[in-house]
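Protein sequences appear in the order of chains A and B.
If you're matching positions, the first sequence starts at 1 in the numbering used here and goes up one per residue.
If you're matching positions, the second sequence starts at 1 in the numbering used here and goes up one per residue.
Watch out, some of these pointers could steer you wrong.
[Stated by the list, open to error] Only pairs whose alpha carbons sit at most 25 angstroms apart, straight line, appear in this in silico SDA-like list of lysine to any residue:
#1 A/K385 to B/G231
#2 A/K388 to A/R410
#3 B/K157 to B/W99
#4 A/K337 to B/R128
#5 B/K232 to A/G372
#6 B/K232 to A/L380
#7 B/K232 to A/D349
#8 A/K388 to B/L209
#9 B/K232 to A/G379
#10 A/K385 to B/V208
#11 B/K232 to A/R336
#12 A/K205 to A/E32
#13 A/K337 to B/T207
#14 A/K337 to B/G231
#15 A/K385 to B/L209
#16 B/K157 to B/F178
#17 B/K232 to A/E340
#18 A/K388 to B/R206
#19 A/K71 to A/E144
#20 B/K232 to A/K205
#21 B/K232 to A/A75
#22 A/K337 to B/R206
#23 A/K189 to A/Q90
#24 B/K232 to A/R352
#25 A/K337 to B/W201
#26 B/K232 to A/W378
#27 A/K384 to B/G231
#28 A/K388 to B/V208
#29 A/K384 to B/L209
#30 A/K337 to B/R129
#31 B/K232 to A/T331
#32 A/K388 to B/I202
#33 A/K384 to B/V24
I should point out that these hints are in silico values taken from the structure, not numbers from a laboratory.
Quantities reported herein were computed from a predicted structural model and do not represent experimental measurements.
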Amino acid sequence: MTACANPAVELRELSKQFGNVAANAGVNLRVEAGTIHGVIGENGAGKSTAMKLLYGMLRPDAGGILIGGRKCVWASPADAIAMGIGMVHQHFMLADPYSALDNILLGAEPIRRGMIDRQTARARLSALASQYGLPVDWDRPVEELPVGVQQRIAILKLLYRDASILILDEPTAVLTPQETNGLFENLKKLRAEGKTILLVTHKLKDVMSFTDRVTVFRAGKVTGEVETSQTSPQELANLMVGRKVVLGIQVRPARPSAEPAIEVARLSLTGAGGSRHRLMDVNISVKLGEIVGIAGVEGNGQSELLRAILHPRDSRCRTSGTVRLLGQDVTGLAARKIRELGVAVIPEDRLREGLLLDRPVSENFLLGLHRGHAFDRWGLLDAKKLAKAATLALREYDVRPPELALPAGRLSGGNQQKLIVAREFQRQPRVLIAAQPTRGVDVGAIEFIHSRIVRARDEGAGVLLISAELDEILALSDRILVMFEGRIVAEFARGQVTERELGLKMGGA
Amino acid sequence: MRRVAQPILAVILGLAAGLAVTWVAGENPWNVLKILGKGAFGSSYDVGMTLFYSTPLVFTGLSVAVAFQAGLFNIGAEGQLTLGALGAATIGAVWPGLWSPLAPVLAVMAAMLAGTLWGAIPGWLRARRGSHEVISTIMLNFIAAGLASYVALYVLKNPESQNPETRPIGAGFLIPQFGMFGGAPVSAALPLAILTAIAVWILMWRTVLGFEIRAVGQSESAARTAGIDPGKIRIIAMALAGGLAGLVGVGEVLGNAGKFRVGFSPEYGFMGIAVALLGRNQPAGVVAAALLFGALHKGTADLDLETEHVTREVSLVMQSLIILSVSADGIWTWLGRRRQGVGSLER
């Protein structure tokens, strides 16, 4: 982008309606060329809609998009890409078995005499990579590369297409603190080369450390645009939520009882191929009344651990080792029996494992409570009782909108999660397994969910907290275990570890 | 609104396209439509025959719908209904002396049981052995046809007939027919079908088991996390589907033929797939769709005689066109999008 007075990106009075919900209502956004611009907001605040409009995935109902001062109308992302706009999605959308090189070429293959001209491409890419300091092993399949490198490939893919405006959607969600720092060093280099970067995130810390300016979204509108150096996390959080929020709750130390809640011994899961271990000799013990946090970069066996505890009978979830809950050996029990012991689960992937997206909120509230609870009258469902209990719970857990008939898929991420928490806490859990409980959840809901988890602990439940968010692990856990490549590689007590140390352990150091 | 409007529009679209085909073939489409209407509803006998054809379609439609709610595609209703009919005929032929009302009750249970068994097999194969139900139900259709022919020709052969059929069942097994349809074999199977539809509705929407079936169909992983055993639910759902299809045997054997006749079904099982699709897998929708397809089946029968250029096969063309337009979900999304702008509801 040539230096000129016009902002690189300008959204003017952009509006987009879905049904009777205004996803964007008169959004104004200015991004100066050669800056890193933060875009923050709760889930459903409209920041993703604005970015999709900018990227041509959606068409606005009203308002305009100006790129370098020129009014633009997109028919599809292809038009936006042609104008130099690129987007790195949260999940990078790479073809895993392909090499890094082929992934970058995919869709823009240089053709010579009917063949893909990899040689020319490689030369150009190597130049790009060294110019921006993004080294990549071109020939390895993408699936074998660390997440941080995959992200680099996704960014290079945009640079290869001459993108000058880069939209990054939640780029730090899957990175260790060290990788995050690496990413932002790279982004600074890109900025120095004149690229414009839009950083869409919910992490206040990222915004505070690495952006020049910030735009805050709430309820489809822009509620603030500030110089990063002139603001504070607290102010941003208040702008996002629209009221004063408490950042980082103070957790009283636990008073764990001697009784065990979860005891996992020598738990292993051998991969489908028979060689790769997904869980290696994992030993964990959680007492009643304490929170044990499992820190780790995603994909290091945390999901497998949760499944092994919940479905120990299934050979796809556990190949050896034992699981004891509340002192009882449950290794041979069906998932239903295990849940009936008083085990509440906040699953890692709420869309796939936690909810029936097309079904109404009431049925989602029922899921897992449908058998043997108050709503089961000799096999018939007591719809009245269900409606009453669900209405109460929606109110108590502040699920909005509190409409029982609304399909769960229509709720925002934060409200979906609150619905799951509301449901799981109906059990009066004695064991709570919470995996990524605040992923993609807005600041207000995070505060709420954290306080509920702590309350469950104080009421005597044993809590296993699996999270990739270090802040969350550090704030809530009474003990911290670090998981790396299917093993527990370190253990710390509350307050005895720094974020840096934890990050290094998570990276396998 | 759209849930109801869409199938109705699809029916109109399919009928119109079907009539257009007859017009291309050289007929007057208005004339064809009149013949259709007269054939299906012209006299009390015609109405009776329409109802007679609709009854098995209710059962097979429900069968496919229940499996579908569990996320399974039951192509095997044809085999399940064959065995259901064979089961009813066998018990009636083996104990011809049994008296009413015990005899028909036993026969109904036999029909259901045989169908249930034939449905449970692919359910079990899917749940415990991972073989896809589409493949296994198709295979089981062939096996059922072979088995039924063998029994009819060698085990319970009717000595007084050249046709491939079993011995007649005892008189105590026959269920009453309605008199007002001019001799059309509308039997107590029709009210049984309606009651079954109501029972299926209660099961699917008012019971714990129905909730579990629908949960598995919606999201296997969410159901599993909630403590539901998806494998067990799949076996139950397929067994249920088989039992429902097996009830076709009641109307045919106890209410109509009084014996098992090889090839009695004009592919009710496969038409059931269309019925379930058009009925959106809802019991009420299935009953409505079964009536429509029953009327089409009956109405088009007269086309052979009364027109020069088209035969009853045009009913298949119309059925296919209706199904095409109801299942072309893309068109509806596309129409919806033009109103709402591109993109999904996701924000």
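Hint check results:
no.: 1; hint: A/K385 to B/G231; verdict: violated (29 angstroms)
no.: 2; hint: A/K388 to A/R410; verdict: holds (21 angstroms)
no.: 3; hint: B/K157 to B/W99; verdict: holds (23 angstroms)
no.: 4; hint: A/K337 to B/R128; verdict: holds (20 angstroms)
no.: 5; hint: B/K232 to A/G372; verdict: holds (18 angstroms)
no.: 6; hint: B/K232 to A/L380; verdict: holds (19 angstroms)
no.: 7; hint: B/K232 to A/D349; verdict: holds (24 angstroms)
no.: 8; hint: A/K388 to B/L209; verdict: holds (21 angstroms)
no.: 9; hint: B/K232 to A/G379; verdict: holds (17 angstroms)
no.: 10; hint: A/K385 to B/V208; verdict: holds (14 angstroms)
no.: 11; hint: B/K232 to A/R336; verdict: holds (12 angstroms)
no.: 12; hint: A/K205 to A/E32; verdict: holds (22 angstroms)
no.: 13; hint: A/K337 to B/T207; verdict: holds (20 angstroms)
no.: 14; hint: A/K337 to B/G231; verdict: holds (16 angstroms)
no.: 15; hint: A/K385 to B/L209; verdict: holds (18 angstroms)
no.: 16; hint: B/K157 to B/F178; verdict: violated (30 angstroms)
no.: 17; hint: B/K232 to A/E340; verdict: holds (18 angstroms)
no.: 18; hint: A/K388 to B/R206; verdict: holds (16 angstroms)
no.: 19; hint: A/K71 to A/E144; verdict: violated (42 angstroms)
no.: 20; hint: B/K232 to A/K205; verdict: violated (47 angstroms)
no.: 21; hint: B/K232 to A/A75; verdict: violated (48 angstroms)
no.: 22; hint: A/K337 to B/R206; verdict: holds (23 angstroms)
no.: 23; hint: A/K189 to A/Q90; verdict: holds (21 angstroms)
no.: 24; hint: B/K232 to A/R352; verdict: holds (20 angstroms)
no.: 25; hint: A/K337 to B/W201; verdict: violated (29 angstroms)
no.: 26; hint: B/K232 to A/W378; verdict: holds (19 angstroms)
no.: 27; hint: A/K384 to B/G231; verdict: violated (30 angstroms)
no.: 28; hint: A/K388 to B/V208; verdict: holds (18 angstroms)
no.: 29; hint: A/K384 to B/L209; verdict: holds (18 angstroms)
no.: 30; hint: A/K337 to B/R129; verdict: holds (24 angstroms)
no.: 31; hint: B/K232 to A/T331; verdict: holds (19 angstroms)
no.: 32; hint: A/K388 to B/I202; verdict: holds (21 angstroms)
no.: 33; hint: A/K384 to B/V24; verdict: violated (57 angstroms)
Going through the hint list in order, the structure does not satisfy hints 1, 16, 19, 20, 21, 25, 27 and 33.
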